[in-house]
Amino acid sequence: MIRIHVVLAAAVAAALVILLGAPGAYADEPRERVCQPSVEAAVRAALPTATQVRCPVNASEYQIVNGHSELRKDAGMTAEVVLSDGRIATLELAIDDAVRANAARPTGTDQARPTVRSISYAHDDLSGSSGKVMALLFWAFAVISVVGALFVISRRNLIAAVMGMVGSFLGIAAIYMMLYAQFLAVIQMLVYAGAIMVLFVFVVMILNRPEDEPVAPSGRAGQVIGGLAILYLVGRLIIMLTHVEPANPEIAMNAPRPPPAQCIEWQKSDSGALTCTQSETPDWGSIKAVGADLFGPGLFPFEAISILLLLAVVGAIAIARPLREDADGGAGADAHPGGGAV
Amino acid sequence: MSDVIWKIGYGHFLVLAAVLFLIGVAGVLVRRNALIMLMAVELMLNAANVTLLTFSRMWGDLSAHTFALIVIAVAAAEASVGLAIVVAVFRGRRNVEVDRLTTLRH
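Sequence order for the protein chains is H and F.
First residue of the first sequence: 546, per the working numbering; consecutive thereafter.
First residue of the second sequence: 18, per the working numbering; consecutive thereafter.
If you're looking for bench data, these hints aren't it; they were derived computationally from the structure.
Cβ coordinates follow ideal geometry from the N, Cα and C atoms, glycine included.
A short list of chain H residues far from chain F (calculated; beta carbon distances all over 12 Å):
(1) Arg589
(2) Thr594
(3) Ala595
(4) Gln597
(5) Val644
(6) Ala657
(7) Val661
(8) Ala766
(9) Lys813
(10) Gln823
Cβ-to-Cβ under 7 Å is the rule here; a few derived chain F residues that face chain H:
(11) Trp23
(12) Ile25
(13) Leu33
(14) Ile40
(15) Ile53
(16) Met56
(17) Leu70
(18) Thr71
(19) Ser80
(20) Ala85
(21) Ile87
(22) Ala96
(23) Ser97
(24) Ile102
Derived CB-CB ranges, DEER-like:
(25) H:Pro867 - F:Val45: 28 to 38 Å
(26) H:Phe845 - F:Val32: 28 to 38 Å
(27) H:Asp828 - F:Leu121: 47 to 57 Å
Using the sequences and the hints given, assemble the complete structure.
Given below as structure tokens:
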């Protein structure tokens, strides 16, 4: 018993070390900041119907210097604007030295405004609906996942239930792919259809007995109440789904589309107008994009997850290991009354 | 009606997630085997993930992907600890039906 305490103490110590060290460069940065008056004036001049202007802190504005993040000198700025017609526009603003000098001037005086480099609308890429092939694929995978889920809760044979769960998770992975979450689709297949499936199959093999009565026989009254409760749940769900009115119906009825192309290189003509010379489609949902988010704003939950997994490993071993050194895993509860009955 | 079948929108994904979640809830409520209940909980977590990713694509915000990844990791930790408990319970009592685990009742 002494060894498991040593392991637990080591785990807690490692957790503390990671927790104290993790926040690092990103912990004290605000995600949101107040828009400077000059920025807000420039945004409102470009978009007269703007109702609300926000200036989120963009991770690409920062660069890591000597372990600390600093504002990049050449960075632009992004502003998010809610328009009166419900659309959301994202503006890229070029910050030059004249704008930076605003901070030194007193408020109320004439201030230099940043120039608007580009305007993109959040839901412009979503116009139109899906094609028929996508509709067929969606229904195929939706049916696979729902039938697999029904298998899980209806089969008496445990192996059949596990296989239904795997089918359901594969269908859900394909659904992820339709939502442009490629990386998560692959993770879903590796973690669920791979690791968790193996874990469940092993436990089913250890248990190795079919259920006598899969559904609780709590008498006629209990079954009636349970059936009524499920009917009520389903009925409420259907009522809710048919009555819900989205704030922006055009967006809600649209199909998931790949993100729009963004300009990455600008050229300034003699008259001062900016034209786009090179554009690229952002890799939305790829390993690179998810990783940039995971190791940027999501760094703390990421590190916390590592502690959670460590504790889960230690805890699973502590719970499931045989209680005696010579026990082969088949010892009954009467053999050691202290811990056999959990 | 044909619009509902042939024009797939975000609503379809959300309804699918709701249906999967409901099946998971029904599994936890109805079944007595602890293993099946664990699987139903996994189903509910997956349904929540589908909702997260749908809204993520809808609003063009990638941070939900990070959160979905964390949900998957939590689900994996939950499955490992839950299965360890199932094995420990089975070792002591030779069955894993939650109705019969009444030692703590009194």
